[in-house]
Amino acid sequence: MAEILFTAWLIARKDLTIEFRTRSAFFSAVVFALLALVIFYYAWDPTAVTPTDLAPGIMWVIFTFSGLLGLHRSFGVEAADHAIDGLLASPVSRESIFLGKAIANLIFVAAVQVIAIPALVLFYNVPLGGIAGPLVAIAILAAIGLVTVGTLFSAMAVNTRLAELLLPMLALPFFVPVVMAAAQATAKLLSGRPLIEAAAWIKLLLAFDIVFVAACSLAFPFTVED
Amino acid sequence: MPARISSEPTPATAPIVEATELTRVFGPRQAVAGVSFSLAAGECLAVFGPNGAGKTTMLRVLAGLLKPTSGTARVSGIELPGGALARSRVGLISHHTMLYEALSPRENVAFAARLYGIRDAGARVDDALRRMAMLDRANASVRSLSRGMQQRVSIARAMVHSPQLVLADEPYSGLDDAGARALTALLQELRSAGTAIIIVTHNIVEGLSLATRAAVMQAGRFIRQDTADRIDASTYAAAYREALAASG
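Chains A and B, in that order, are what the protein sequence lines are. The numbering of the first sequence is my numbering, which starts it at 89 and goes up by one. The numbering of the second sequence is my numbering, which starts it at 845 and goes up by one.
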C-alpha cells in the first residue's frame, strides 16, 4: 500500500506541477465558475426564489461542469506525444496511476471550490454561520465521487477522436447520484435544518464514494491495458 | 515506492529476451504472426521492414504495453505480460518522445527514474543527460527544444534505469548527424556492457553497424533472419527493398 501511495503522489505531483505551469485548465474552470455565477445571478428573481433554495443547485452544477474541464486535461497531458506509454511501460502499478490521477484531480476540483464557494456566498448572500464545517465535508465527499468516476472515464475517452464530447456523455449519468445527494445535503444545511436531516444524504454520498472508488480502481487497469 | 530493479544479474548464457511463435492480432489482422527469436546479453537485433509490417507492435508486446494473442515472450526469464518486474528490465525508445512538454529535461528524466524506483536519482539523471549531450539544456522547458533535442532527452529518459533490454523504435527519428552518432555510440556502449538491444529502423547503415543479428519483417513475420557472420549490407538493403515493394 505504501508503494502505491508513494507512486500515486509522484504522479499527482507531476500533474499538479504541469497544471501550475500551464494553468490552462484551472483558469478555464475558475472563469467558467465565476461566469456561471454571474449569469445565474442576473437570471434570478429574488422575489420568487430564495437564495437558499437556488444556491445548492447552482453550486453543484458549477462544480460538475468546471470539474469536467480538469478531468479532460488529466489524461490529455498523457496523450501528448504518447507520454502514457512511458508511464505504462514503467514498473508502476495501474492502481497507483489511477490513484495519482484522482488525487491531482481532487486537488484541482478543491482549488476551484475554494474560489467558487466564497464567490457564491458573496453573490447570493448565503448564510454560512455554523454550517461551514459540514459544507466543506459535503464538498470533499462529492468531489471524491466526481473525480473518481471522471478519472476513469477520462482515461477511456482520451484516445478517442471525440474525447471532449465523450467524457461528459460517459461521466454525467454517473455524476447524477453524487450531485443529487450533495445538492440535497447542501440544501438542508443552507435552509437551516438540523444536521441530522442532512445526515442521510451525507451517508449516501459516502456510500457512493466507497462504491465508486472500489469499482473504478478495479476497472481502471482494463481501460489502459489492451 | 515503485518496484525496485533487481540487482540480480541475469546469467550471461540465459537469453535476455526470447520470443516463441509470438503473435498479436487486432481484429481480423495479424500484426505479428508467429515471430521467434532470442537475444543474449550484449546482442543486438536490427529489424527492418516496411510501414505496417508489425515491427512497432512486436516492440510494444515486448515492452509490456500489449498482451500477446498467442505464443510466448520472456524478458530476463519472466514471461510477458510479466508485470512490474519484467517492465523494470526494459527501456523503451520510440519515435514519440513520451515527454511532458511543460517539464524540463531534468524533471522528465528524474520523474522516470523515480518511477523505476531510483531514489536520489540526481547523479544518474545528470549522467543520462550528459551522455546525450543535453546537460547544458537540462533546465529548459522541453517545449522550447527542437525535435531532435527532445528525442535525445527521450533516449536519456529510457536509459536512466540501466535497462537489461533496450527496445528502440525508430530511435534516429528527428536526430541530426551528431545526435545519431551519439545514439549509436551510446547503444554500442550499452551493448558492450551487456545490454540486449532490439532496434527497429529504416536506416540500414546505422542498424547494421550495431547489429549482431538482423531480420527483415513483412506482414508480421520475419521473412529473413541472420546472425552477424551472415549479415551483408548490400543483400540486406536488397531484401529490405523487396519487402517494401511487396508491401506496395
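Do not take every clue at face value.
Claimed, not checked - Each pair of labels, with its calculated beta carbon distance range:
| id | chain 1 | residue 1 | chain 2 | residue 2 | range |
| --- | --- | --- | --- | --- | --- |
| 1 | B | E923 | A | I284 | 53 to 59 Å |
| 2 | A | A303 | B | G896 | 36 to 42 Å |
| 3 | B | G896 | A | N247 | 49 to 55 Å |
Derived from the structure by calculation, the hints contain no laboratory data. Glycine included, every Cβ here is placed at the ideal spot set by N, Cα and C.
Cross-check of the supplied hints:
A C-beta distance of roughly 57 Å is found between E923 (chain B) and I284 (chain A), which places it inside the suggested range of 53 to 59 Å. Range check, A303 (chain A) to G896 (chain B): about 38 Å between beta-carbon atoms, so the 36 to 42 Å window is met. The hinted range of 49 to 55 Å is not satisfied by G896 (chain B) and N247 (chain A), whose Cβ atoms lie roughly 20 Å apart.
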